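Q: Taken in order, these protein sequences are the chains called A and B.
Per numbering that gives the first Met the number 0, the very first residue in the first sequence carries number 0; after that it's consecutive.
Per numbering that gives the first Met the number 0, the very first residue in the second sequence carries number 0; after that it's consecutive.
Derived from the structure by calculation, the hints contain no laboratory data.
One should not assume that every hint holds.
What the hints assert, rightly or not - Here are the computed distance ranges between Cβ atoms for each label pair:
| no. | chain 1 | residue 1 | chain 2 | residue 2 | range |
| --- | --- | --- | --- | --- | --- |
| 1 | B | 149 | A | 168 | 51 to 57 Å |
| 2 | B | 117 | A | 398 | 45 to 51 Å |
| 3 | B | 112 | A | 205 | 51 to 57 Å |
| 4 | B | 152 | A | 166 | 26 to 32 Å |
| 5 | B | 255 | A | 163 | 52 to 58 Å |
| 6 | B | 15 | A | 8 | 49 to 55 Å |
| 7 | B | 8 | A | 393 | 51 to 57 Å |
Stated by the list, open to error - With a cut-off of at most 27 Å between alpha-carbon atoms, the simulated BS3-like pairs for lysine-lysine come out as follows:
| no. | chain 1 | residue 1 | chain 2 | residue 2 |
| --- | --- | --- | --- | --- |
| 8 | B | 327 | A | 118 |
| 9 | A | 308 | A | 118 |
| 10 | A | 118 | A | 51 |
| 11 | B | 184 | B | 120 |
| 12 | A | 118 | A | 217 |
| 13 | A | 217 | A | 341 |
| 14 | A | 428 | B | 115 |
| 15 | B | 111 | A | 51 |
| 16 | B | 111 | A | 428 |
| 17 | B | 115 | A | 51 |
| 18 | A | 428 | B | 120 |
| 19 | B | 111 | A | 208 |
| 20 | A | 217 | A | 45 |
| 21 | A | 51 | B | 327 |
| 22 | B | 111 | A | 45 |
| 23 | B | 286 | B | 184 |
For clarity, every value in this text was computed on a predicted model and none was experimentally measured.
We put the beta carbon where it would ideally sit given N, CA and C, even for glycine.
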Amino acid sequence: MDALMLARIQFGANITFHILFPTITIALGWILLFFKLRYNRSRDMKWMDVYKFWVKIFALCFALGVVSGITMSFQFGTNWPGFMMAVGNIAGPLLAYEVLTAFFLEATFLGIMLFGFNKVSNRVHTTATVLVAFGTTMSAFWIIVLNSWMHTPMGFEMRDGVAHATSWFDIVFNPSMPYRLTHMLLASGLTATFLIAGISAYRFLRGDKCASVIAAMKTGVYAAAVLIPIQIFVGDVHGLNTLEHQPAKVAAMEGVWETERGVPMLLFAVPNKETRSNDYETGIPKLASLILTHEWDGEIKGLNEFEGKHPPVAPVFFAFRIMVGVGMLMLAVSWLSAWQIKRKGEPKRWLACVLAGMAFSGWVATTAGWYTTEIGRQPYLVYGVLTTAQAAATNVTAGMIGATLAMYLTLYAVLIAAFISVVFYLARKASVKPDPLSEQAFSSIGVEKMVEGKL
Amino acid sequence: MEIFSNGQWLPLVFMALMGISILAYVILDGYDLGVGMLMSRASDAEKEKMIASIGPFWDANETWLVLGVGILLVAFPMAHGVILTALYLPTAVMLGGLILRGVSFDFRAKAKANHKHLWDKCFIGGSLISALAQGYMLGLYIVGFEETFATFAFGLLAGACLAAGYCFVGAGWLIMKTEGELQKKAIKWARIALWGTAFGMAIVSISTPLLSPRIFDKWFSLPNFFLLLPIPMMTGLLIVVLEVVLRKLPRPNDRYCWVPFAGSVGLFLLGFHGLAYSFYPYIVPDKITIWQAASAPESLMIILVGALIVLPCIIGYTIFAYRVFWGKVKELSYY
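Make the full structure from the sequences, and use the hints.
A: See below:
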């Protein structure tokens with residue numbers, strides 16, 4: 000494999016690993032605030048229990064997000080030196096504002112949020128929770144601004160191959176930013192709520208039906224049930240925005256090779272880049288045209304209009320279908336669960352199993368969505384301005400990239416496995432009522448109690 | 000002056016900001032990396048105390064690295080590319096170390112009891128790898144990214160010395176934040192690490208001017224030599240004072256327990272000054288100056304405005320966070 004492809008895989012692997020954790024923390028920060036406020040108002044210990052449980056997972060996600068984020072700030076230079084040289088004047092300030100307004104805020108107040116409960120007043124602690132949640136959201140804002148600008152660049156001019164800003168307003172509020180930001184924030188909301196619902200359902204299935212578990216499950220399920228239809232709507236609008244600015248990406252998403260009217264919505268197909276057509280096509284006639292143009296006979300530009308300048312079709316085509324598929328599943332599961340919980344106070348056992356199984360479904364949908372949009376931008380890094388190949392490092396060999404890639408991939412695989420197993424382990428541990436005298440309980444509830452001096 | 004027209008002063012300001020961030024990083028993450036490495040010599044109960052002393056801070060400490068590299072990235076994009084592709088492998092190793100230690104820190108408190116030792120090992124190993132890799136990167140930076148066997152060895156030596164330096168700041172931090180047996184241990188560690196640090200500073204001070212005639216002239220031409228003499232003299236004096244103080248610690252009522260940490264900050268400050276003076280105005284040694292590497296003035300201005308508004312807030316709430324967790328470390332109630 001050539002160095003460019005390896006560099007892309009490496010950066011892609013890192014950014015994929017990274018996004019898993021902010022996707023949880025962006026929304027979980029606000030959900031923790033909700034738990035905290037419920038406790039402040041009602042003084043009901045169940046809300047404090049929920050808070051205490053989820054703040055641990057928040058801390059874990061945060062740490063994983065920080066370390067993989069640091070990696071990214073280096074990989075801009077190691078993998079894409081040409082990116083900053085060409086568009087550094089635009090990307091630089093946006094990244095700088097992210098670090099300045101968000102990164103420090105969240106990292107500093109996280110310490111108080113996690114360890115300061117007995118050291119500061121309840122009000123200061125609540126404020127720290129607000130600032131952490133606000134910081135993570137600001138962080139998402141700046142990063143999405145930069146990412147959107149790479150898709151729909153505006154407000155700049157090129158002088159001697161280097162981009163110079165002409166309007167910061169146009170740069171920040173570039174055409175795709177509002178859609179992408181909303182889509183991402185909702186994705187984060189769904190990831191976090193399905194995680195909460197899923198892990199609570201897991202505890203519920205293990206026979207832990209205490210008030211805090213039910214409260215968390217209700218919060219997760221209801222919030223997901225509200226968010227998912229909004230997300231589907233926003234996703235559709237985002238798609239229309241993409242059709243306007245990046246028609247080649249939409250053509251790849253829909254698997255449309257020739258420009259035509261009344262395009263079917265493909266449920267399944269295998270795009271074939273050799274024959275430039277699809278194999279095994281199965282679809283619903285005219286539906287894609289209806290969704291994208293709001294007319295049964297609307298015209299959609301095909302990939303052949305962009306020959307040489309369109310993304311690889313198969314990954315975009317499949318990633319898009321995975322995202323939509325998981326989204327539809329989320330809709331069905333969250334509404335059914337909400338309905339059952341509303342009527343019976345708890346979900347049926349099989350549905351609880353489904354919820355537990357979908358604890359990390361948000362990750363799948365979000366990753367698939369990002370692959371759709373980012374691979375869909377290829378061969379460009381900054382759409383229409385800079386290709387990915389132009390930005391790649393020229394003095395780093397494929398061997399070096401391959402070796403470090405192997406290191407990163409091993410590390411990431413181990414960490415994802417460790418993360419998921421620790422989340423489930425924490426769930427099991429929280430459900431066990433510890434017997435303070437037994438050695439087993441002593442070691443398994445661990446340091447936290449021990450160092451609190453309660454044993 | 001010419002420098003003040005056409006926004007020529009902006010790269011200078013950003014150079015200073017980057018210097019401050021890197022210095023802040025080296026001191027702040029230095030102590031928690033140091034504590035991480037020293038954990039290899041501690042008992043299980045002591046490990047808990049040591050972890051508790053850095054728990055609330057390490058996230059924010061590492062953010063200074065992001066700011067430092069961030070400024071390099073946004074203000075001197077050309078240098079960012081040149082430096083980081085030249086240091087491709089050590090950078091990857093350092094990142095691997097930082098990832099490992101960062102996550103181990105959180106996993107160790109949450110994982111199964113029988114996995115805890117494993118995470119502790121990862122934490123210690125990750126801290127050591129990060130420190131060594133950073134020192135190696137500094138070493139290669141000094142030799143201008145040349146890759147021969149000699150520079151490789153020099154890089155490794157620099158790595159070991161920076162690790163010793165971090166251990167010294169870490170031990171100083173522990174002397175300040177703990178009491179009893181652990182504090183006595185930390186004093187012992189500090190005495191060993193101090194000499195490693197002193198050795199490292201001497202090596203770098205001698206080799207830098209020898210490697211570059213330009214730097215040699217900067218230090219050893221008159222009158223510069225006499226004007227700069229206070230830097231090495233103060234460094235030497237500080238090392239002697241620290242050794243004397245460490246011999247006498249701990250004092251009743253824990254007086255002067257802050258001296259080693261303050262002294263380590265002083266040492267890093269002096270060392271950093273020496274390096275900064277040597278390399279200015281180059282950002283890539285003897286190749287690219289800060290003006291050649293800088294972004295467009297209008298972009299730098301936008302960042303500067305934000306930085307000037309936000310940095311005081313960052314410093315303010317960082318101080319606030321340190322005050323919340325002031326004093327001897329109690330128990331870390333993870334909450």
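Q: Confirm or reject each hint.
A: These are the hints, each one checked on the structure:
1. Roughly 54 Å separates the CB atoms of residue 149 of chain B and residue 168 of chain A, a value that falls within the hinted 51 to 57 Å.
2. Distance hint for residue 117 of chain B and residue 398 of chain A: a CB-CB separation of about 31 Å, inconsistent with the stated range 45 to 51 Å.
3. Checking the proposed 51 to 57 Å range against residue 112 of chain B and residue 205 of chain A shows it is violated: the Cβ atoms sit about 20 Å from each other.
4. Look at residue 152 of chain B against residue 166 of chain A: about 52 Å separates their beta carbons, and that is not inside 26 to 32 Å.
5. As the Cβ distance of residue 255 of chain B to residue 163 of chain A is approximately 55 Å, the hint placing it in 52 to 58 Å holds.
6. At roughly 38 Å, the beta carbons of residue 15 of chain B and residue 8 of chain A sit outside the given window of 49 to 55 Å.
7. Under the hint 51 to 57 Å, the C-beta atoms of residue 8 of chain B and residue 393 of chain A, about 33 Å apart, miss the expected range.
8. With a CA separation close to 13 Å, the supplied pair residue 327 of chain B and residue 118 of chain A stays within the 27 Å bound.
9. A distance of roughly 58 Å separates the Cα atoms of residue 308 of chain A and residue 118 of chain A; the hinted pair therefore is violated under the 27 Å criterion.
10. In summary, the hint linking residue 118 of chain A to residue 51 of chain A is supported, as the alpha carbons are separated by about 16 Å, within the 27 Å threshold.
11. Between residue 184 of chain B and residue 120 of chain B the alpha-carbon distance is near 20 Å, which keeps this suggested pair within the 27 Å criterion.
12. Taking the CA atoms of residue 118 of chain A and residue 217 of chain A, the gap is about 32 Å. The hint is violated against a cut of 27 Å.
13. In summary, the hint linking residue 217 of chain A to residue 341 of chain A is supported, as the alpha carbons are separated by about 9 Å, within the 27 Å threshold.
14. Among the hinted pairs, residue 428 of chain A with residue 115 of chain B is consistent with the structure: their alpha-carbon atoms are about 15 Å apart, no more than 27 Å.
15. As the CA atoms of residue 111 of chain B and residue 51 of chain A are separated by approximately 18 Å, the hinted pair is consistent with the 27 Å bound.
16. With a C-alpha separation of about 9 Å, the suggested pair residue 111 of chain B and residue 428 of chain A falls inside the 27 Å cut-off, and the hint holds.
17. Between residue 115 of chain B and residue 51 of chain A the CA atoms are separated by roughly 21 Å; this keeps the pair inside 27 Å, and the hint holds.
18. Restraint check for residue 428 of chain A and residue 120 of chain B: the C-alpha separation of about 23 Å stays at or below 27 Å, so the hint holds.
19. Taking the CA atoms of residue 111 of chain B and residue 208 of chain A, the gap is near 23 Å; set against the 27 Å cutoff, the hint holds.
20. As the CA atoms of residue 217 of chain A and residue 45 of chain A are separated by approximately 13 Å, the hinted pair is consistent with the 27 Å bound.
21. About 25 Å separates the Cα atoms of residue 51 of chain A and residue 327 of chain B, which keeps this hinted pair within 27 Å; it holds.
22. For the hint pairing residue 111 of chain B with residue 45 of chain A, the CA-to-CA distance comes to about 25 Å; that is within 27 Å, so the pair holds.
23. Restraint check: the Cα-Cα separation between residue 286 of chain B and residue 184 of chain B comes to about 46 Å, which exceeds 27 Å; the hinted pair is violated.
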